[in-house]
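Here is how the chains run, residue by residue.
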Amino acid sequence: MIYLTRRCEFSASHYYHNPAFTAEENQRVFGKCANLNGHGHNYTLEVTVKGEVDSTTGFVLDLKQLKDVLSDEVVEAMDHRHLNKEVPEFANRIPTAENLAIAIWNRLKVKLKSAQLHRVRVYEMAELFVDYYGEE
Amino acid sequence: MKAHLTRRYVIAASHRLHSDQLSEAENRLTYGKCNNPYGHGHNYAVEVTVSGQVSPSTGMICNLAEIDECFRREIMERFDHQNLNTRPEFADCVPTTENLAAVIFDILKREFRAAHLEKVRIEETQNNSFEYCGDAEQLQ
Numbered sequence: 001m002i003y004l005t006r007r008c009e010f011s012a013s014h015y016y017h018n019p020a021f022t023a024e025e026n027q028r029v030f031g032k033c034a035n036l037n038g039h040g041h042n043y044t045l046e047v048t049v050k051g052e053v054d055s056t057t058g059f060v061l062d063l064k065q066l067k068d069v070l071s072d073e074v075v076e077a078m079d080h081r082h083l084n085k086e087v088p089e090f091a092n093r094i095p096t097a098e099n100l101a102i103a104i105w106n107r108l109k110v111k112l113k114s115a116q117l118h119r120v121r122v123y124e125m126a127e128l129f130v131d132y133y134g135e136e
Numbered sequence: 001m002k003a004h005l006t007r008r009y010v011i012a013a014s015h016r017l018h019s020d021q022l023s024e025a026e027n028r029l030t031y032g033k034c035n036n037p038y039g040h041g042h043n044y045a046v047e048v049t050v051s052g053q054v055s056p057s058t059g060m061i062c063n064l065a066e067i068d069e070c071f072r073r074e075i076m077e078r079f080d081h082q083n084l085n086t087r088p089e090f091a092d093c094v095p096t097t098e099n100l101a102a103v104i105f106d107i108l109k110r111e112f113r114a115a116h117l118e119k120v121r122i123e124e125t126q127n128n129s130f131e132y133c134g135d136a137e138q139l140q
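Quick mapping for you: the protein sequence lines, in order, are chains Z and E. In terms of our numbering, the first sequence is numbered consecutively and its last residue is 136. In terms of our numbering, the second sequence is numbered consecutively and its last residue is 140.
Hints may be right or wrong, so weigh each one.
Quick list of simulated restraints, FRET-style, between CB atoms [what the hints assert, rightly or not]:
hint, chain 1, residue 1, chain 2, residue 2, range
1, E, Ser129, Z, Gln116, 24 to 30 Å
2, E, Ser57, Z, Asp79, 26 to 32 Å
3, Z, Glu46, E, Asp106, 26 to 32 Å
4, Z, Ala23, E, Asp106, 53 to 59 Å
5, Z, Asp68, E, Leu22, 54 to 60 Å
6, Z, Thr57, E, Arg8, 33 to 39 Å
One-sided and incomplete, this derived list gives chain E residues near chain Z with beta-carbon spacing under 10 Å [what the hints assert, rightly or not]:
hint, residue
7, Ala3
8, Leu29
9, Ile61
Hints listed in this document are in silico derivations from the structure and should not be mistaken for laboratory results. From a predicted model like this one, the values you see are computed outputs, not experimental measurements. All residues carry an ideal CB built from backbone N, CA and C; glycine is no exception.
Model the full assembly from the supplied sequences, consistent with the hints where possible.
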């Protein structure tokens, strides 16, 4: 089994707000992330797929296909966008790094045909990242 | 939905690798320049990985502020800008980064209850890193 990782970056804005919470609860739970004017990050995404090496191509999967899927599903959808307002997954879900990793996993899972998705890692900043391995 | 979250902190500390169970020559042979009697220091980058279900109401595994506060109180207060050899945690073991990872893991396991502690990983330098997942746990 070989694991292959591809990295890409995108910049986006977000804020944390749960409409079921009072203003005070939102402030207490989410701190400065609750500011409704939002704020932004340079996100780094690492996608790891796994599979056997194809004996005719020497590939686990066609990197071009992975690059195109990341471009369509992540960069086009999220780069220089507001996650709360422009990415449908976050219409009713808080765009934390946790939920972002899950949303990206779900987008990639249905598009990657030839290799198995192993891990989605989302860096919100150098000091903070989230890993999602699918339903365990 | 279960996810893993990793937070990175930096601790500046000094240490000297020296075992009382070895002779002076054996210490020198085993630890090389890390056995220098006056010690030396590192900026240790400590990565703490926790896991848990993502809460539908907050979108979070646990509140980052709680991890930060626990790490500050339990780890920074003990070890930042300290000589590790003088700390009680290393009274009976050599303050290698292997042992530092295990000590930090055991303290956080005891003190941090808001999510499951998966792993402590420490970069001693850019070229050396050490991971500890507890005795009974395996790396993913």
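Unmet hints by their number, sorted upward, for this structure: When the structure is compared with the hints, numbers 4, 8 turn out to be violated.
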